[in-house]
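Undergrad: So the sequence shown is residues 1 to 970, counted in my numbering.
FYI, nobody ran anything at the bench for these hints, they're computed from the structure.
Estimated spans, in silico, between C-beta atoms of each pair:
no.	residue 1	residue 2	range
1	Asp-596	Pro-576	54 to 60 Å
2	Tyr-962	Val-241	25 to 31 Å
3	Val-113	Tyr-836	28 to 34 Å
4	Phe-934	Ile-735	25 to 31 Å
5	Asp-899	Glu-518	44 to 50 Å
6	Thr-485	Asp-396	40 to 46 Å
7	Gly-367	Leu-301	31 to 37 Å
8	Leu-301	Ile-730	30 to 36 Å
9	Asp-503	Val-539	56 to 62 Å
10	Leu-431	Asp-361	32 to 38 Å
11	Leu-307	Asp-596	47 to 53 Å
Capping the alpha-carbon separation at 20 Å, the derived lysine-lysine pairs in PhoX-like fashion look like this:
no.	residue 1	residue 2
12	Lys-350	Lys-233
13	Lys-434	Lys-350
14	Lys-233	Lys-310
15	Lys-350	Lys-440
16	Lys-498	Lys-434
17	Lys-48	Lys-440
18	Lys-85	Lys-44
19	Lys-498	Lys-48
The C-beta atom is built at its ideal place from N, Cα and C for all residues, glycine as well.
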Amino acid sequence: MRTIKLLGLLLMLLPMSIFAQSTVSGTVVDNSGMPIPGVNIAVKNTNKGTTTDFDGNYLIVLENGETLSFSYVGFRTKDIVFNGKNTSIEVSMVEDAEALSEVVVVGYGNQTVKSISGSVASVTEKDFNKGNIVTSESLIQGRVPGLSVTKGGGPGSGSEIRIRGGSSFNANNSPLIVLDGLPLDNSVADGTRSILSTINPNDIESFSVLKDASAAAIYGIRASNGVIIINTKKGRGELSVSLDVQQNITTIENIVDVLSAGQFRNLVAENFPGRLGELGSANTNWQDEIYRDAKSSDINLSVRGALFGKIPSRLSLNRSDQQGLRQTSKFDRTTASLSLNPRLFDDHLKVGLNANYSNEDNRFADGVEGNAISFDPTQPVRSPGSPYGGFFEFLDNDGSAASNVPRNPVSQLLQTRNISNADRLFGNLNLDYKFHFLPKLRLVTNLGYDRTDSGGSLTRPGTSALGVNAEQGEFIGNESRYEQTRTNASADSYFIYKNNFNDFGLKLTTGYSYQKFESERFTTNEILDPNAQEPRTTVADDVVLIGYFGRANFSFQDKYFVNASIRRDGVSKFSPENRFEYFPSVSGAWILTEEDFLEDSNLINSLKVRAGWGQLGQQDVPSTSDYLRRYQTGLSNQQYNFGNPIIPFQPLYTNPDIKWEILTEINLGVDFELFNNRLSGSVDVFERTADDLLSNVPVPDGANFSNQGFQNIGEFVSKGIEVNLDYNVIRQDDINWNVNYNFTAIDREITKLAFGQDIFVGGIAGGTGNTIQVQREGAWPNSFFTYAQLYDQAGQPIEGAYADLNGDGTVDDRDRYVSGNGQADVLMGFQSNFTYKNFDFNFNLRASFGNDIYNNVNSSRAQLGNLNLVSPNNLPVQVLETGFARTPDVILSDFFVEDASFLRMDNITLGYTLRGFNRESTSLRFWMGLQNAFVITDYSGVDPELNISGIDNTIYPRGRTYLLGVNYNF
Numbered sequence: 001m002r003t004i005k006l007l008g009l010l011l012m013l014l015p016m017s018i019f020a021q022s023t024v025s026g027t028v029v030d031n032s033g034m035p036i037p038g039v040n041i042a043v044k045n046t047n048k049g050t051t052t053d054f055d056g057n058y059l060i061v062l063e064n065g066e067t068l069s070f071s072y073v074g075f076r077t078k079d080i081v082f083n084g085k086n087t088s089i090e091v092s093m094v095e096d097a098e099a100l101s102e103v104v105v106v107g108y109g110n111q112t113v114k115s116i117s118g119s120v121a122s123v124t125e126k127d128f129n130k131g132n133i134v135t136s137e138s139l140i141q142g143r144v145p146g147l148s149v150t151k152g153g154g155p156g157s158g159s160e161i162r163i164r165g166g167s168s169f170n171a172n173n174s175p176l177i178v179l180d181g182l183p184l185d186n187s188v189a190d191g192t193r194s195i196l197s198t199i200n201p202n203d204i205e206s207f208s209v210l211k212d213a214s215a216a217a218i219y220g221i222r223a224s225n226g227v228i229i230i231n232t233k234k235g236r237g238e239l240s241v242s243l244d245v246q247q248n249i250t251t252i253e254n255i256v257d258v259l260s261a262g263q264f265r266n267l268v269a270e271n272f273p274g275r276l277g278e279l280g281s282a283n284t285n286w287q288d289e290i291y292r293d294a295k296s297s298d299i300n301l302s303v304r305g306a307l308f309g310k311i312p313s314r315l316s317l318n319r320s321d322q323q324g325l326r327q328t329s330k331f332d333r334t335t336a337s338l339s340l341n342p343r344l345f346d347d348h349l350k351v352g353l354n355a356n357y358s359n360e361d362n363r364f365a366d367g368v369e370g371n372a373i374s375f376d377p378t379q380p381v382r383s384p385g386s387p388y389g390g391f392f393e394f395l396d397n398d399g400s401a402a403s404n405v406p407r408n409p410v411s412q413l414l415q416t417r418n419i420s421n422a423d424r425l426f427g428n429l430n431l432d433y434k435f436h437f438l439p440k441l442r443l444v445t446n447l448g449y450d451r452t453d454s455g456g457s458l459t460r461p462g463t464s465a466l467g468v469n470a471e472q473g474e475f476i477g478n479e480s481r482y483e484q485t486r487t488n489a490s491a492d493s494y495f496i497y498k499n500n501f502n503d504f505g506l507k508l509t510t511g512y513s514y515q516k517f518e519s520e521r522f523t524t525n526e527i528l529d530p531n532a533q534e535p536r537t538t539v540a541d542d543v544v545l546i547g548y549f550g551r552a553n554f555s556f557q558d559k560y561f562v563n564a565s566i567r568r569d570g571v572s573k574f575s576p577e578n579r580f581e582y583f584p585s586v587s588g589a590w591i592l593t594e595e596d597f598l599e600d601s602n603l604i605n606s607l608k609v610r611a612g613w614g615q616l617g618q619q620d621v622p623s624t625s626d627y628l629r630r631y632q633t634g635l636s637n638q639q640y641n642f643g644n645p646i647i648p649f650q651p652l653y654t655n656p657d658i659k660w661e662i663l664t665e666i667n668l669g670v671d672f673e674l675f676n677n678r679l680s681g682s683v684d685v686f687e688r689t690a691d692d693l694l695s696n697v698p699v700p701d702g703a704n705f706s707n708q709g710f711q712n713i714g715e716f717v718s719k720g721i722e723v724n725l726d727y728n729v730i731r732q733d734d735i736n737w738n739v740n741y742n743f744t745a746i747d748r749e750i751t752k753l754a755f756g757q758d759i760f761v762g763g764i765a766g767g768t769g770n771t772i773q774v775q776r777e778g779a780w781p782n783s784f785f786t787y788a789q790l791y792d793q794a795g796q797p798i799e800g801a802y803a804d805l806n807g808d809g810t811v812d813d814r815d816r817y818v819s820g821n822g823q824a825d826v827l828m829g830f831q832s833n834f835t836y837k838n839f840d841f842n843f844n845l846r847a848s849f850g851n852d853i854y855n856n857v858n859s860s861r862a863q864l865g866n867l868n869l870v871s872p873n874n875l876p877v878q879v880l881e882t883g884f885a886r887t888p889d890v891i892l893s894d895f896f897v898e899d900a901s902f903l904r905m906d907n908i909t910l911g912y913t914l915r916g917f918n919r920e921s922t923s924l925r926f927w928m929g930l931q932n933a934f935v936i937t938d939y940s941g942v943d944p945e946l947n948i949s950g951i952d953n954t955i956y957p958r959g960r961t962y963l964l965g966v967n968y969n970f
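Using the sequences and the accompanying hints, generate a full structural model.
TA: Quick look at the structure:
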């Protein structure tokens, strides 16, 4: 009896809340009614929580008055207070485009924006550039401070991509590109335009740009030039279909200003009257003849939804047909992409399968701009009775095509058939398993595969003056073919442990990475030439990359963050002694607005300071086995004695000491949001030092078996500041206006070279063996190296007259000086996005300041002596101003180094959207656009935007594109 009374007393003393507990269940769906697996459900101010299962269902025990908080990436967080009565709570979550940007993909995982302590920029679909986007990198051109994208002019052409200017002399300066976890090969497969030309830009959801060493060090071996992580779109929600159709036409806007036929005749008459009889009666603008208006189209169809009502899926198809401005050039692409993202075993196993197929069909057009500039404008394009397909060609006395003269550029385009076809299959399988017995621990395995099978041919008819010259004057055409197979296989496996201990947060990552590159190539060589090499199959050396990595992310009170990583990498290109290296990094962040002194600030909504340090490696040079002693069969006078008998072999260049380049970088940054989140942005300052630079440099005679090879020879330092500002000018229901501005300033200096000796680079036209650039201690890499031009009292340059800069009374090579460089000191980008009701208007501007161009078009062609060659050559009009006579007297003058600063309007688009005309989720957008609208510059050439070399010896010009498009979504 006493026992019963005691139990009753204890029950009375228990908290009455126990009797108020209830089991609550329900389903979480998206705004289309599809269940969402893996939704985080937390009970506020407690340690209780759960997640939804594969069907979006959940079950949890609650007390009256407790608050459930539902959160999931890409959706707005939703809070619901339990009233103690309704034990079935159905939840519908709303997608939030802004929430997607709160989670940023980094190496081997992701982080919230709040916890990132390195220099990382994220660009999502809503911020992509609009317009004629053929290759993926164009989506973010001008959008990220510190990132430069220099697009080529050809159809589907690649871009020169640089993060913070690059970090090497002759090793690859392109960033590592990671597509859905698969690191891509930076070299271009034969017969393709670029590494990104086969990827459909419409499949891309976001870019993450890892700019500093602390952010990129987890990729160690290939991240010295930064990392660009591309994430493609995945399946989600109920059935949705999107159809995009675009048509455009591109016109040539600028050509080299050369003499007209009349000016040409007058100049020949004044200077070489004896050659007037060689001129014709035509008036031909050869540059107009080689270009055309280029028509293009692009069609994208994507279907997104849940396969069998269970598996989030996405299927997309793309067809792109792009004509080039040069006659005959074209780029056609067909792609198919499939994404499956099921979740199994009560959401413990997440599967991501991405499979992509692409076919690229090309016709390449020779770079005939040089011949079009130089060809006699008094001659016709076609000549009746010409044995060369009816095209005019300069002839010898025997009636055969002359030697050492320009070939007809129009016939070269029309009679050359340089075609290729490439099939690319690439994708990845990602398995993310959360252990049943320890849910805080996950094992992630990512398997990637990328294979390209390409082939092509080059043919010319026997009527082409460019064909094989079997006998003097007898041309029999050209014929050659090639095939190539390239594979890139990768396997990454890593553990992730994540847990919170009261105010402390911990996330540990450790794993292994393996990647292998293989390539095999077959070529027939020139079939019609009896003296050409026989058909050959070449199997390139396999390149294997191995890495072990670890990372620790610490947080305290969700306002102090420390991130550290280390990676041990190995590469087969170096000797066993130099093969492996460690690459560490550490960074930290402090959110000041979480502190008491700023917590209630009305001005500053968010303020975070960051600091990071890290080291990275570089090994991406063409040579794969220089550390070995190698031999190849050679001529009889190139022998190596292996014993008896003597076998003829040719020893190759060897460098057993070749090793990694090492990049060390310090980055300081601040992120902020002000004025009720109306203004947000970031500022970063950095210093990076590249040491043991790999460079292809001359070797002293007799010191090796080649006069040039890769060595570790120097060091240079880059310093810079990056600013990004985003301002919501207007935020209202019917009208919104957002602008973004980014700014980058960089200074680069070579601080050390082997023995302090200059390295001469930058070969140019207009002579044999001339170079116009130098690697010199104290100067920018690839600086222009010229003589200082002297001028008369009228300000006209004096031919062959240069300043004696060292004052020794003689003008020689010691008087050449650093007169500029082809890289910009300052880069800027400005974007404006304006919407009013159903109208939208967007434009993008880019600017570059401090970059110079060496105008090799003028330096090698704008001299009167070129009128008196085997055939009289046309000249750029600059010759009328300078009167220069001989190319060798002026080719190295700083007169041809020009300021190439520019402001370019990249894109302008105007659109109107019809919404909900047959169902609520339906939209139809009509839009028009203008690409490459204008360029403001003082540069006298065709285009001030060249690749990083800054040498203009003709380019494939960028045209102006007029666009019309329709987007239909339902």
